[in-house]
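Number of protein chains: 2
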Amino acid sequence: MALVFLPALARMAVCGGTHGNELSGVYVVQEMERQRKDLLDHYIDQNNFLNQAVNMFFSAVNCPITDSSPYEVWRAQELNNLLGLKGSTDATDIICDLHNTTSNMGLTLIHYTSSDWVTLHICKYLQTKITKVPVRVLVLDVPISDAYSLESVSKHGFSLEIGPQPHGVVRADIYIIMKEAVDLTIDWIHKFNSGTVFEGGDVETFKFIKSVDYPRDPETRTLTAAIHPQLQDKDFCLLKRGDPLFLSFSGETVNYKEEETLHPFFINEAAYYEKGIAFHLGKKMMLTIPTVQVQKD
Amino acid sequence: MALVFLPALARMAVCGGTHGNELSGVYVVQEMERQRKDLLDHYIDQNNFLNQAVNMFFSAVNCPITDSSPYEVWRAQELNNLLGLKGSTDATDIICDLHNTTSNMGLTLIHYTSSDWVTLHICKYLQTKITKVPVRVLVLDVPISDAYSLESVSKHGFSLEIGPQPHGVVRADIYIIMKEAVDLTIDWIHKFNSGTVFEGGDVETFKFIKSVDYPRDPETRTLTAAIHPQLQDKDFCLLKRGDPLFLSFSGETVNYKEEETLHPFFINEAAYYEKGIAFHLGKKMMLTIPTVQVQKD
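For the protein sequence lines, the chains are D and Y, in the order given.
Per the numbering used here, residue 468 is the first one in the first sequence, and the count goes up by one each step.
Per the numbering used here, residue 468 is the first one in the second sequence, and the count goes up by one each step.
One or more of the hints may lead you astray.
As the list makes no split between identical chains, a pair holds if one copy fits it or if it spans any two.
[To be verified] EDC-like mimics (lysine to aspartate or glutamate), calculated; alpha carbons at most 20 Å apart, straight line:
1) Lys646 / Glu719
2) Lys658 / Asp583
3) Lys599 / Asp700
4) Lys742 / Glu498
5) Lys750 / Glu725
6) Lys646 / Glu666
7) Lys596 / Glu719
8) Lys599 / Glu647
Keep in mind that the hints were calculated from the coordinates and are not lab data.
Construct all of the structure, not just a fragment, from the sequences and the given hints.
Structure follows, in structure tokens:
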């Protein structure tokens with residue numbers, strides 16, 4: 468297996484509350500802030516970690532939920548200035564942006580390229596260490612300059628999605644898993660910066676293919692069906708021709724009609740109703756990643 | 468057992484969307500509207516049912532979520548004029564107001580008096596007929612003139628709460644149970660108006676005692692703990708001294724300290740965070756209701 472040397476990761480930001488009603492990240496960041504004196508001083512001393520961004524992000528908690536308000540545009544600019552600039556050598560090394568979903572997606576790591584060895588190694592590490600819930604990797608393979616999410620501002624970065632959890636609610640079980648995932652990410656970076664060699668290998672990922680909308684009334688655009696009980700909570704199952712997708716409010720089943728078997732995810736996510744998305748469909752994809760080690764100075 | 472004669476129920480309103488992001492009721496009312504020609508014509512012919520209110524209420528779907536906006540005050544006035552007037556002889560006979568909760572409360576029927584034989588008989592009927600989920604009855608024993616909910620406008624009325632369902636989401640399993648509960652309520656009224664004698668007996672209810680807030684930072688008022696995993700989703704369990712209530716974000720458990728055993732409900736309801744309510748506590752209470760039959764003209 469090829470050995471690839473990569474630069475040390477000097478600056479990391481853990482961000483909660485990018486979507487203000489997804490509460491796990493808000494309280495994970497609050498708790499890290501509280502632990503800052505103990506935990507992060509330790510990392511700063513030993514590994515040149517900077518905690519400043521964690522502090523800054525806590526202030527994003529109460530931002531409005533809509534994607535397009537002037538406040539959000541202004542805030543995105545501000546965060547880019549703070550953590551970026553996007554695409555520049557000064558950009559933060561790694562951003563971990565914390566999200567919740569109402570879908571039963573367990574822990575899902577979302578990123579924007581299939582060739583970022585740092586984030587893929589972190590995914591592999593979390594898949595090995597976390598056993599309480601499924602850990603999946605989702606690749607949205609778009610050019611980084613087109614990526615619209617917060618973590619695209621940094622050199623490396625991923626979104627950490629955990630569900631199911633209603634928006635506006637914090638569940639202790641979901642909080643504990645998110646906190647563990649963040650702690651393990653920091654643990655990986657710590658080990659990587661200290662010279663640990665991380666063996667390469669295969670990582671199972673899902674690649675986004677397309678979205679499917681709810682059946683709607685052609686005139687009013689109101690929903691005429693909900694996710695079928697046999698599909699509800701079955702994120703990342705294998706969908707075959709004839710499997711039930713929707714159950715109309717009058718009781719009729721709508722089936723999957725396509726030949727290609729695909730994997731549905733973000734099934735029945737609250738924030739996607741207005742975007743016209745009942746679920747996404749993805750394809751399983753094995754990625755081979757090289758062995759990595761930090762560059763010597 | 469005493470036999471009580473009660474007036475026929477001539478006007479009923481089924482209301483969804485009183486809280487606009489609680490979607491089950493929105494789609495139940497939409498579906499009833501669609502079925503109107505078949506279903507309600509039938510009832511109007513045979514039982515003097517009026518459907519007008521069902522139609523009117525569908526327009527409440529997209530009202531804002533806050534309780535205190537000028538729109539909501541204006542709308543409450545309008546609904547009182549349409550279905551009331553509250554406390555008058557012209558008031559609608561029965562209102563069934565449909566709600567969802569993020570709490571694991573199954574089907575809970577909430578009403579404002581422990582001596583309304585009509586609603587208690589409907590509760591008893593639903594408890595007998597619905598077996599897929601627990602059916603509980605919650606009594607908030609306040610004078611009807613002080614009751615602030617929609618159904619208090621009518622002569623009889625109850626809120627029908629179903630969960631767990633995230634706000635902004637419609638789950639088929641929850642929709643099906645709500646629809647069944649509404650159909651059975653109409654079924655009961657139909658039978659009652661047709662002269663069926665409903666036997667009295669005991670009805671198990673829960674009486675509201677008090678509310679408990681989350682542990683909060685004394686200065687910032689932000690939460691410092693979530694509902695404990697052992698309490699989460701355990702609505703209506705029996706809470707004893709020493710049982711875990713909360714798990715702090717740093718890992719400490721907060722226990723129930725009181726001697727009195729009580730039953731928690733509305734555990735971790737999203738809409739109650741801002742009201743300072745982590746859960747309510749109630750006491751089990753057996754109510755004896757008389758046999759009832761419709762008054763002859």
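Each hint, compared with the structure:
For the identical chains of this complex, Lys646 and Glu719 are inter-copy neighbours only, at 15 Å across copies versus 42 Å inside a copy, given an alpha-carbon limit of 20 Å. In this homomeric assembly, Lys658 and Asp583 come within 20 Å of each other (Cα to Cα) only inside a single copy, at 18 Å, whereas the closest approach across copies is 67 Å. In the homo-oligomer, the alpha carbons of Lys599 and Asp700 lie at most 20 Å apart both inside one protomer (17 Å) and across protomers (19 Å), since each shortest distance falls under that limit. For a Cα distance limit of 20 Å, the shortest separation of Lys742 from Glu498 qualifies neither inside one copy, at 33 Å, nor across copies, at 23 Å.
In this assembly of identical chains, Lys750 and Glu725 lie within 20 Å of each other by CA distance solely inside one copy; the values are 14 Å within and 54 Å between copies. Taking identical chains as interchangeable, the C-alpha atoms of Lys646 and Glu666 are never at most 20 Å apart, the minima being 25 Å within one chain and 55 Å between chains. When the C-alpha separation of Lys596 and Glu719 is checked against a cutoff of 20 Å, the pair qualifies neither within a copy, at 43 Å, nor between copies, at 24 Å. Proximity of Lys599 and Glu647 under a CA criterion of 20 Å is satisfied intra-copy only: 11 Å inside one chain copy versus 36 Å between copies.
This entry does not satisfy hints 4, 6 and 7, going by the numbered hints stated previously.
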